[in-house]
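Just need the whole structure built from these sequences, with the hints factored in.
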Amino acid sequence: MPNYQLDHLDQLEAESVHILRETAAQFQNAALLFSGGKDSIVMAHLAAKAFWPAKIPFPLLHIDTGHNFRETLEYRDAFVEKLGARLVVGLVQDSIDKGRVQEEKGPFASRNKLQTVTLLDTIEEHKFDACLGGGRRDEEKARAKERFFSHRDEFGQWDPKNQRPELWNLFNGKYHPGEHFRVFPLSNFTEMDVWMYIQREGIELPTLYFAHEREVFERNNSLLAASEFIPLLENEKPSRRTVRFRTIGDITCTGAVESQAANLAEVIAEVAAARQTERGTRADDKRSETAMEDRKREGYF
Amino acid sequence: MDLLRFATAGSVDDGKSTLIGRLLYDSKSIFEDQLLAVEESSRRRGDAVVNLALLTDGLRAEREQGITIDVAYRYFATPRRKFIIADTPGHIQYTRNMVTGASTADLAIILVDARKGVIEQTKRHAFVSNLLRIRHLVVAVNKMDLVDFSEQVFNDIVASFHDFASRLDDVADITSIPLSALNGDNVVEKSKSMPWYRGSSLLYHLETVYTGGTSNHVDARFPVQWIIRPLSQEHHDFRGYAGRVAGGVFKPGDAVTVLPSGFQSRIKKIHLPGGAEAPEAFPPQSVVMTLEDEIDISRGDMLVKANNPPRNSQDVEAMVCWFSQKPMEPRGKYLLRHTSRETKAIVQELRYQVDVDTLHKKEGVPSLGMNDIGRISLRTANPLFHDSYRRNRLTGSFILVDPGTHETVAAGMVV
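Top to bottom, those sequences are chains A and B. Quick note on numbering: numbering that gives the first Met the number 0 labels position 133 of the first sequence as 132, and the sequence is numbered without any gaps. Quick note on numbering: numbering that gives the first Met the number 0 labels position 25 of the second sequence as 24, and the sequence is numbered without any gaps.
Hints may be right or wrong, so weigh each one.
Said to hold, decoys possible - Below, computed lysine-lysine pairings styled on DSS-like, alpha-carbon distance capped at 25 Å: (1) B:K250 to B:K304; (2) A:K173 to A:K126; (3) A:K173 to B:K343; (4) B:K115 to B:K191; (5) A:K54 to B:K268; (6) B:K325 to A:K160.
What the hints assert, rightly or not - To give an idea of the interface, some chain A residues facing chain B are shown, with a C-beta separation under 7 Å as derived from the structure: (7) Q10; (8) V16; (9) K48; (10) A49; (11) W51; (12) K81; (13) A143; (14) R163; (15) P164; (16) L169; (17) F228.
Calculated from the structure, these hints are not laboratory results. Glycine residues also receive a C-beta, built at the ideal position from the N, C-alpha and C atoms.
Spelled out as structure tokens, the structure:
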């Protein structure tokens, strides 16, 4: 007599696949936000599985700050080709050139915040009515309150106090013209679940996630990659160290950790023993106590 | 690894956040930077002790008011199990949030302050858990340190809860545990202060309690969610029905009936996500099925077995929890979402409202307001293929959507 119990990764997969198919069914023109980070890679992998043997019915949408790790772009292009997917790129540089946003100045400048404008403009331009994001509820306290189907008003804003309740397997994706949804199929994955799923599925990742030698410098208790995009302060001296990244975003706000973990098993062991959250290396979250909520309200990922 | 979803209901005063904080902390699910951030906020706010509630109350409004408003989902794992906590507010004006959190939980922890005993709030939490068909209850009698770890106090509370619980429907088990969340007594480790307590610690109970999930493995139900037609060279004639099994077990070769058309066919193959063939499909799996015959099937249809059909009707009796600030309109028209179907529905009659604190039925009330629970009869534009909620949570549940604002205004459970 089989016991009809599913392993937790199978349960998470079944849930995500359900959400991805529901997105295809309830929206006219959805896009899958792809950053080249592990969560969006896992989400795209799940989308490929959800619609097999058909292709993913959404384009991949990359909001490109122009401040990328070279490895991310190489990975992105190879991945998109392998999936046979369509890629849409929204360039922050275009928003700057059009005068839609003002580039931040000084050594702490980051295009992280500017991305929101580019994202919303791209959504409007392509008339996307849903954007799938790789956000997880365990990442951050504002994300812990996020819905699977998250409504955005005509200004792209999130209203955390006025969210639609979600019960059982029922999702309400109704919207008025000009509004859109963000959909988060990985909501119930934790960082550890993502790593275990990557291992189980044999998903290939950008090399940045594994220990490698790189020129880095210390700022605000984070190790940042030395690059042409970050002006150094006087006391900042880059040095060559063996590091890896726990999250991957814009090069100006993604911190590295010193690590010898060179393969998946070693990374998982390190994640299991970690005493800092993965977003602890993100400078963008350190701007204030409710930095994530504030950015999300405005339309951030 | 096994997965257990549970809900906790209570307010900060009951020590709910402290309890969750301790479960997370002792299972090493709180990281140093999170703890540092909370310590810093507590200090800035002038709190006397580190306020672990700040870990879970993430929204600005919640931090300002010091209360839980919305459901927060929390995660932790031990070597035995992975846990998803739906952390819900305890106050009556947030009953709808508790209903939401309870809808996907298999177990509920009901917090009782040892000094106060079983109060209206306790009954309300037990009632809501029961209404949403959470069959495993844990009565966590907290703050035992403030009643001198008295066995008598604990026994009285357990007896009074059991008295009340005899009015609940279909509860599988009730486990009562004396705790002090603040000191950690009986949370992760057995307490030395209560040698009279022979049971297990809360965490051990959560790790080992057998729930068997709440899925129905008897009545085969497959709501079709999406049709997969690749139209590619390689899969030229492939026509697959994608969906999530809502009940029973399906196998290749099974004879199935398609609702509403009534056409019959046999299952050719069952594919897991990514294409691997499976010998069977059961809840909560997401699969793709192909059939022997080419028949017209679209989203919202349901595959079932001919000898065990669901109810098929346009008239539905249901318990609803009202979510919207705009009260339920008598004879109001709403959009109804049920499995993968959407249809229009009209409220025929409000039969009664339940007083959630006393469980008394109030008849003759004109409407339901936000957080109210009552029984209604509905008439739908198209037939619903459904079961009672008691028999199947997925085919017995629905939501009502306001056609004007698109808000989700109510959650319903078919009687």
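The hints, checked one at a time:
Proposed proximity of K250 of chain B and K304 of chain B is supported: the alpha carbons are some 11 Å apart, at most 25 Å. Of the pairs offered as hints, the one joining K173 of chain A and K126 of chain A holds, with about 15 Å between alpha carbons and a cut-off of 25 Å not exceeded. Between K173 of chain A and K343 of chain B, the direct Cα distance comes to roughly 14 Å. Compliance with the 25 Å bound is thereby established for this hinted pair. Between the alpha carbons of K115 of chain B and K191 of chain B the distance comes to roughly 23 Å, so the proposed pair stays at or under 25 Å and holds.
Our distance criterion of 25 Å between C-alpha atoms is met by K54 of chain A and K268 of chain B, whose separation comes to about 20 Å. Among the hinted pairs, K325 of chain B with K160 of chain A is consistent with the structure: their alpha-carbon atoms are about 16 Å apart, no more than 25 Å. With a least beta-carbon distance of about 5 Å to chain B, the hint placing Q10 of chain A at the interface is held under the 7 Å criterion. Taken as an interface hint, V16 of chain A checks out: its beta carbon lies about 4 Å from the nearest beta carbon of chain B, inside 7 Å.
Contact between K48 of chain A and chain B, as hinted, is supported at the beta carbon level, the nearest pair being about 4 Å apart and thus within 7 Å. Annotation: A49 of chain A was flagged as interfacial toward chain B, and the flag holds, the nearest CB pair being 6 Å apart, inside 7 Å. This hint holds: W51 of chain A has a C-beta 5 Å from the nearest C-beta of chain B, less than the 7 Å allowed. The restraint placing K81 of chain A at the interface with chain B is violated, with a minimum CB-CB distance near 14 Å, outside the 7 Å limit.
For A143 of chain A, the shortest C-beta to C-beta distance to chain B is roughly 5 Å, which falls under 7 Å, so the interface hint holds. For R163 of chain A, the interface hint holds, since its Cβ comes within 7 Å of a Cβ in chain B; the closest pair sits about 5 Å apart. At its closest, the beta carbon of P164 of chain A sits 4 Å from a beta carbon of chain B; the interface hint therefore holds under the 7 Å criterion. The beta carbon of L169 of chain A comes within 5 Å of a beta carbon in chain B, closer than 7 Å, and the hint placing it at the interface holds.
Among the interface hints, the one on F228 of chain A is violated; its C-beta lies about 25 Å from the nearest C-beta in chain B, farther than the 7 Å criterion.
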